[in-house]
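*Asks:* My request is simple: use the sequences and hints to build the entire structure.
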Amino acid sequence: MRYVIIGSGVAGIAAIEAIRSADREGEIFLVGDDPYGFYSRPGLAYYLTGELHDKALFPRTADDFRRLRFHYIKGRATQVLRAEHVLHLADESSVPYDRLLIAMGAHAIPLGVPGADLDGVLKLDHMQDAKRILKQARRGKPAVVIGGGITALEITEGLRARGMKVHYLLRGDRYWSNVLDEHESHIIEHRLREDGVTLHHHAEVAEVMGTKGKVNGVRLGNGKTLPCKLVAYAIGVRPQVELARQSGLAVDRGITVNEYLQTSDPDIFAAGDVAQVYDPMSGRSILDTLWNPAREQGYTAGLNMAGRTTAYIKPPPFNVTRLAGLTTTIIGTVGSGRDHDLAGIARGDSETWRQLPDAMVAQTGFDVNRVRLLLGEKTLLGAIVMGDQKLSFPLQKIISRHVDISPIRDRLLAPNAKVGDIVAEFWASCSAGLKS
Amino acid sequence: MKFLRVFNRSANKHAILTAGQVVPDSARCVQCGICTYNCPVGIDVRDHAWRGEPVRHSHCITCGECVARCPRGVLRFEQTDLFSKED
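These protein sequence lines map, in sequence, to chains R and S. Sequential numbering from 15 applies to the first sequence in my numbering. Sequential numbering from 3 applies to the second sequence in my numbering.
It is worth saying that the hints were derived from the structure and are not from the lab. All of these numbers come straight from a predicted model, not from anything done at the bench. The C-beta atom is built at its ideal place from N, Cα and C for all residues, glycine as well. Each hint should be verified, as a subset may be incorrect.
Claimed, not checked - Calculated from the model, a selection of chain S residues having no Cβ within reach of chain R, i.e. all distances over 12 Å:
1. Gln23
2. Ser28
3. Ala29
4. Cys31
5. Asn40
6. Pro42
7. Ile45
8. Glu55
9. Arg58
10. His61
11. Cys62
12. Ile63
13. Thr64
14. Gly66
15. Val76
Unchecked claim - On the chain R side, residues computed to face chain S include the following (Cβ under 10 Å):
16. Leu58
17. Leu66
18. Lys69
19. Arg81
20. Lys145
21. Leu304
22. Asn306
23. Phe332
24. Asn333
25. Thr335
26. Thr341
27. Phe407
As the list claims (entries may be wrong) - From the derived model, a few chain R residues whose C-beta atoms are all more than 12 Å from chain S:
28. Glu39
29. Glu65
30. Pro73
31. Asp143
32. His216
33. Gly237
34. Arg267
35. Thr342
*Replies:* If you want it as structure tokens, here you go:
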């Protein structure tokens with residue numbers, strides 16, 4: 015059996031581990047075009063701030079890869095000839111396959127304004143991008159950051175750590191408005207200001223200006239200009255579906271797959287940021303741009319490719335990240351609507367987070383220890399925990415196990431309810447059976 | 003209840019450190035490597051997080067650096083069965 019995987023991100027690596035667990039003999043080929051191979055993409059944020067050296071971002075040594083026994087092909091996939099079961103690469107070589115996994119990920123949506131191709135206009139997709147940002151950052155000089163979600167803040171923090179004067183431009187009136195509520199957005203914005211970031215609201219870049227091919231400023235929609243040496247954008251990512259579309263596979267916002275990660279072609283699978291995965295529980299097909307779901311999807315795809323039929327059970331999306339230095343947990347369904355700073359899904363995001371059904375909100379915390387719960391009829395549908403994370407793990411379990419919270423529902427909705435304490439007590443009383 | 007004590011602000015931090023081990027929650031981990039990078043005795047904590055294995059390494063001195071520095075809240079201390087007293 016010949017397994018071919020396109021993409022050296024966590025979905026591809028997890029697929030290799032899964033295939034090897036089920037098939038010791040089959041040949042595995044990994045086709046990747048990231049010159050740095052497999053590393054922690056989310057960790058690039060900490061490389062930018064200086065918390066890590068780039069070498070620390072690689073979880074696997076060459077020996078680890080050798081033990082998995084696969085052939086690494088450095089190259090870019092250009093075409094899949096499905097009837098012939100052959101993958102064509104950019105260097106005109108061909109890779110035959112019995113089972114193919116497309117795990118090419120997603121790329122930053124381009125900044126579609128005049129001047130976006132000037133030297134100094136940067137994004138954060140890969141290690142190369144991170145190195146470019148570090149190379150072009152200039153202490154004391156101004157930089158403009160455009161976009162929303164987690165990546166915009168990661169870039170902002172990274173540039174601040176390098177001593178740049180950062181102007182963060184928001185098109186709307188608050189940060190990440192379709193996931194955070196007003197209070198949470200303001201907590202984040204307050205912290206950004208304290209860190210020396212200048213925030214601009216209702217500000218849109220109409221043009222990037224430059225001289226001799228290099229950025230020297232931006233012109234806003236209202237005519238105002240801001241001088242800067244660097245423009246970084248993070249307005250969302252787009253799954254790389256071109257290869258799949260050209261090959262005749264079913265494609266929507268991502269490559270559509272069933273709960274076995276199988277595309278419209280039974281011998282071709284997709285996993286990770288590129289995949290739009292069917293969730294039998296909700297009946298919807300959802301994009302996720304989260305590391306752990308990508309790993310689990312890759313693993314499940316690998317098992318299915320090796321003949322171990324396994325359904326991917328999508329848990330409620332869950333992410334813990336740092337927003338303006340504040341550790342924030344986002345679980346399940348917490349927001350709604352559109353964010354004007356994002357043209358598509360952001361990294362570290364999930365489409366489930368903004369599908370807010372009829373839910374009541376219980377909240378507590380008026381400084382940077384905040385818990386917001388989204389209550390359904392009998393269960394918790396979502397939660398945000400900012401600051402003190404002690405409730406993050408209990409809430410994750412209560413939500414993912416659909417625990418019946420009827421005993422505490424009324425207390426949670428009472429005015430001035432001490433939501434944190436109520437949840438902590440409830441968790442202590444029911445945790446014996448759930449803590450695993 | 004034993005678990006509530008962990009929430010109690012006046013809980014004895016040292017008691018927990020000496021009787022506990024570092025336990026990862028794999029679902030949160032993004033393999034950034036900050037844990038391993040900061041371990042003073044060179045344990046590959048990141049690898050434990052990938053495999054979902056508590057750190058039972060003889061070199062672990064429960065200094066708490068990895069737990070404190072993880073930006074994603076992956077790691078926590080939990081009391082081990084071997085040495086804890088009854089309530």
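*Asks:* Now tell me if each hint is right for this structure.
*Replies:* Okay, the hints, checked on the actual structure:
no.	hint	in the structure
1	Gln23	holds (15 Å)
2	Ser28	violated (7 Å)
3	Ala29	violated (5 Å)
4	Cys31	violated (7 Å)
5	Asn40	violated (9 Å)
6	Pro42	holds (15 Å)
7	Ile45	holds (14 Å)
8	Glu55	holds (14 Å)
9	Arg58	holds (18 Å)
10	His61	holds (19 Å)
11	Cys62	holds (19 Å)
12	Ile63	holds (21 Å)
13	Thr64	holds (19 Å)
14	Gly66	holds (15 Å)
15	Val76	violated (8 Å)
16	Leu58	holds (9 Å)
17	Leu66	holds (6 Å)
18	Lys69	holds (9 Å)
19	Arg81	violated (13 Å)
20	Lys145	violated (17 Å)
21	Leu304	holds (9 Å)
22	Asn306	holds (5 Å)
23	Phe332	holds (6 Å)
24	Asn333	holds (8 Å)
25	Thr335	holds (7 Å)
26	Thr341	holds (6 Å)
27	Phe407	holds (7 Å)
28	Glu39	holds (24 Å)
29	Glu65	violated (6 Å)
30	Pro73	violated (5 Å)
31	Asp143	holds (16 Å)
32	His216	holds (31 Å)
33	Gly237	holds (40 Å)
34	Arg267	holds (23 Å)
35	Thr342	violated (10 Å)
Checked against the numbered hints given earlier, this structure breaks hints 2, 3, 4, 5, 15, 19, 20, 29, 30, 35; the rest are met.
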